[in-house]
Amino acid sequence: MNRRKFLIGGATAAGALIVGYTVWPSGRLGRANLLAAKPAERFATTWIKLANDGTITIVVPHCDMGTGIFTSLAQMAADELDADWTQIRAETAPSDPLFANSAMAEGFALEEENMALESIPNSLRGPAVNSMRLIAEYMDLQTTGGSCAVRFTGMYGMRIAGAAVREMLVKAAAARMNVPVEAFRTEMSRVIHVPSGTNFGYGELAAEAAKYSPSAHPNLKARSALKLIGKPMQRIDIPAKVNGATQYGIDTQLPDMWYGAIRISPVFGSKLVSVSEAPIAQNRGVKKVVRLDDAVVVLADRFWRARNAINALEPVFDNGGKGDVSSKTIRDQHLAALNNGKVKMDRSTGSGAEALKNGTVVERVYNVPYLAHAPMEPVNATALYKKEGTLEVWSGTQDGLGSRVFCAKTAGLHMDKVTFHLLPSGGSYGRRLPDLWDFLAYAVKTAMAVPGVPVKLIYTREQDMQHDFYRPNVTSRFRAAVDRDGIPVAWVNNYTTNNDPNNEAHILYGVPNQAYGTVKIPVHVPTGPWRSVEASWHGFFIESFIDELAHQANRDPLEYRLALLKEKPRHSATLSLAAEQAGWGIPLSAGCGRGIAMVECFGTIVVHVAEVEVTEGGAVKVRRVTTAADCGMAVNPDGFKAQMEGGVIFGLSAALYGEITIDHGAAVQQNFPDYDVVRLAECPAIEVHIHESDAPLGGAGEPGIPPVAPAVTNAIFAATGIRIRELPIKNHALGKATRAS
Amino acid sequence: MEIRLKVNGVVHDLDVEPDAPLLWVIRDELNLTGTKFGCGIAACGACTVHVNGKAMRSCSVPVGSVANEDIRTIEDLGASSLNAVQEAWIEHQVPQCGYCQSGMIMAVSAFLETNPAPTDDQLAAAITNICRCGTLPRIRAAVRSLAARKGVGGSR
Chain A
229 MNRRKFLIGG
239 ATAAGALIVG
249 YTVWPSGRLG
259 RANLLAAKPA
269 ERFATTWIKL
279 ANDGTITIVV
289 PHCDMGTGIF
299 TSLAQMAADE
309 LDADWTQIRA
319 ETAPSDPLFA
329 NSAMAEGFAL
339 EEENMALESI
349 PNSLRGPAVN
359 SMRLIAEYMD
369 LQTTGGSCAV
379 RFTGMYGMRI
389 AGAAVREMLV
399 KAAAARMNVP
409 VEAFRTEMSR
419 VIHVPSGTNF
429 GYGELAAEAA
439 KYSPSAHPNL
449 KARSALKLIG
459 KPMQRIDIPA
469 KVNGATQYGI
479 DTQLPDMWYG
489 AIRISPVFGS
499 KLVSVSEAPI
509 AQNRGVKKVV
519 RLDDAVVVLA
529 DRFWRARNAI
539 NALEPVFDNG
549 GKGDVSSKTI
559 RDQHLAALNN
569 GKVKMDRSTG
579 SGAEALKNGT
589 VVERVYNVPY
599 LAHAPMEPVN
609 ATALYKKEGT
619 LEVWSGTQDG
629 LGSRVFCAKT
639 AGLHMDKVTF
649 HLLPSGGSYG
659 RRLPDLWDFL
669 AYAVKTAMAV
679 PGVPVKLIYT
689 REQDMQHDFY
699 RPNVTSRFRA
709 AVDRDGIPVA
719 WVNNYTTNND
729 PNNEAHILYG
739 VPNQAYGTVK
749 IPVHVPTGPW
759 RSVEASWHGF
769 FIESFIDELA
779 HQANRDPLEY
789 RLALLKEKPR
799 HSATLSLAAE
809 QAGWGIPLSA
819 GCGRGIAMVE
829 CFGTIVVHVA
839 EVEVTEGGAV
849 KVRRVTTAAD
859 CGMAVNPDGF
869 KAQMEGGVIF
879 GLSAALYGEI
889 TIDHGAAVQQ
899 NFPDYDVVRL
909 AECPAIEVHI
919 HESDAPLGGA
929 GEPGIPPVAP
939 AVTNAIFAAT
949 GIRIRELPIK
959 NHALGKATRA
969 S
Chain B
2 MEIRLKVNGV
12 VHDLDVEPDA
22 PLLWVIRDEL
32 NLTGTKFGCG
42 IAACGACTVH
52 VNGKAMRSCS
62 VPVGSVANED
72 IRTIEDLGAS
82 SLNAVQEAWI
92 EHQVPQCGYC
102 QSGMIMAVSA
112 FLETNPAPTD
122 DQLAAAITNI
132 CRCGTLPRIR
142 AAVRSLAARK
152 GVGGSR
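Listed in order, the protein sequences are those of chains A and B. If you use the numbering used here, the first sequence corresponds to residues 229 to 969, in order. If you use the numbering used here, the second sequence corresponds to residues 2 to 157, in order.
FYI, nobody ran anything at the bench for these hints, they're computed from the structure. Bear in mind that the values here come from a model prediction, so they are computed numbers and not experimental data. By construction, the Cβ of each residue, glycine as well, lies at the ideal position given by its N, Cα and C atoms. Treat the hints with care, as some may be off.
Partial list, derived from the structure: chain A residues whose beta carbon lies under 8 Å from chain B [what the hints assert, rightly or not]:
| no. | residue |
| --- | --- |
| 1 | Thr-688 |
| 2 | Val-876 |
| 3 | His-892 |
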């Protein structure tokens, strides 16, 4: 079936998604079994395979990039299944439309073509609408991003699938004994006939159970009945990550494979003019030089030979007319646009900017730089193109099915002729999302130049860093009018964008008059989603400005925030929890300070309190970060804490050191020495406290990042009186001599 | 030119240039892919292996300089039973994406041979490997637990 038709036909204007499950009720499972079932194993429904030996395999329509979702999703299915956790396995779904993740919403919750939202239980309705919106936005079907795995795949796929399969197992037992299903209960992968105690293992019922149709509306457990969800679990992927066994995309090894090293035009978007092969004519192992529109690839029998050869070449690229662009010209452009440019209104509440006349105006401008994703596994892909018009590709990306379609399009082939093997990613943070697939395109084009030869194209760290899709450089200008008590009555925020207005700019604080606008800046530097996306910049801007307003009003920054959050009990409680655990208000020695910041994104509220020490010489040491987070309920609390800790480190690396600067139209930084990150010596003590609430499940991978930078810069202000309005922190002199007395 | 390389107790006679990086010889000639490429300039430590028990960043070690030496990779570290560091990594649920962890574990296991009960500061001075996912707090906790078993050290 054509993927686009499949999708677009499925997403109706009414908001109901109708693909997959209902389209091919019987053939579907058969095809799934052919694609992904082992002997003595079969799919009972979309995401769950039952084997005769009792093993239950959860098939996950996401990539493993390190956040632990294979475990969390398996917990969600296994809990509803009443399965014995030791018999649970998880594997990656094939990159096939059969396993498209739109099924998470429509497969069960919206199974029927004309099914109305009213038939979804009230408690699930709001999030279901949201999940459909997300799917519709993404349209890539197997995307891993937006902190959506647990929130959507888990809530609308795994739990419902698990509950449905449990009912099928009960039906199979009831049929065997010829008694009503009501007489049974389930526990630890067994169906138990309550009156007699007769019981059956899930394995022995597997084949019979799989013959029943799964219910679209199985009964889900009440929160109080959950056994695995909410319990800290050891991650199932970890054992293979301590002995080198996990095979990432870069580990793909094929017989008689050639290795590719690439040099892409340094100025983004410019073209290859010429390249002489003379410098590498004698190089051992070099097989071919492939000229692409904007890059050169050397193929050799070993990677280091390809890399040495590409480094010896002196390709000539044009500069696309962008040779004068630098960080300075971009900055000037931002400021000019914010001062004189055309502001496009996004949203206005109350009397908007008009209300600036109702108080004393405070104005501030903030900026964040471009950032690279810099996953530890540089981007890479392996491709094999055959003359008869087939293509096979191996890579770690954030969307297996989308990658398959993209590779097909790049090669000019029908997707049926293309196989895509989705492998775990050695980190990603957004780098391998759809539309950021330069590495797939280069690998496919290179493979097409040498039909029949498998080609593994690996970016060196330098190419990976200089040809990223960066977190955008954003400048934001605030004006607030404050009353006599220093409380804002108007909040006006205009910021630069190369895209649409950002929802994450809108504040949670209770300010009666608000106005937001954007100025669009055309820049040739490629940008893309970076772990926490818009919140990564607006979190810094908003939480810095609110802190400035608090200090200007001579109010405690915590107490000031709480005063503006009277209508938001979850936010207030999370703020108070973090502050209490951090010892907010307990005096620190000279040169030390605490800062607090709160950001809600991807359904989770995160508050960090940073405690910093700034030496007389100006060195910053972040000693401690205390985190409180409300994600409704953490499916795997230990995994959630790990994501918060990771978010703190990732956010701290960016806040302290992270910047990609532009010179002569190209990225300046090349490798970790000039794009430094936090290592053990700079790693603060981190404590994470979970604030449970009855809110819908929130994300984990991203929300920990945005409040890190403002918590640290607010703490630096508390310690030194110096306000940092432009990141990274390393560019600021903070020594005693520079501080106001 | 043939180079005799001893990796994980197995001897290989390889026809490679002496200046070929040990990392790529291990990965591409010997098909041992547990050792990872991260930066190529010995800045990140993802490629750490043991050479005569000492941690070395193999991306910047010319293969010719370690001919006939005892080279050990992550594949061998827990081959018979998991090394104590690997066990602590599971107990503390350290890895996220896991890509840097081969190098982390090789670096930490070699370091603990020289200092079985390091303080946090000693650990931080010795282990400068990069982890982008941010598993550092758990690495520190795992090493503290290993140090505590040795009866001394483990805190500042």
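Hey, does the Thr-688(A) contact hint survive, CB to chain B under 8 Å?
Thr-688(A) check passes; min Cβ-Cβ to chain B is 6 Å, inside 8 Å.
For the restraint on Val-876(A), tell me whether the closest CB of chain B is nearer than 8 Å.
This interface hint holds because 7 Å falls under the 8 Å limit.
Have a go at the His-892(A) hint: is there a Cβ in chain B nearer than 8 Å to its own Cβ?
violated, 23 Å
Against the hints set out earlier in the document, a violation occurs for number 3 only.
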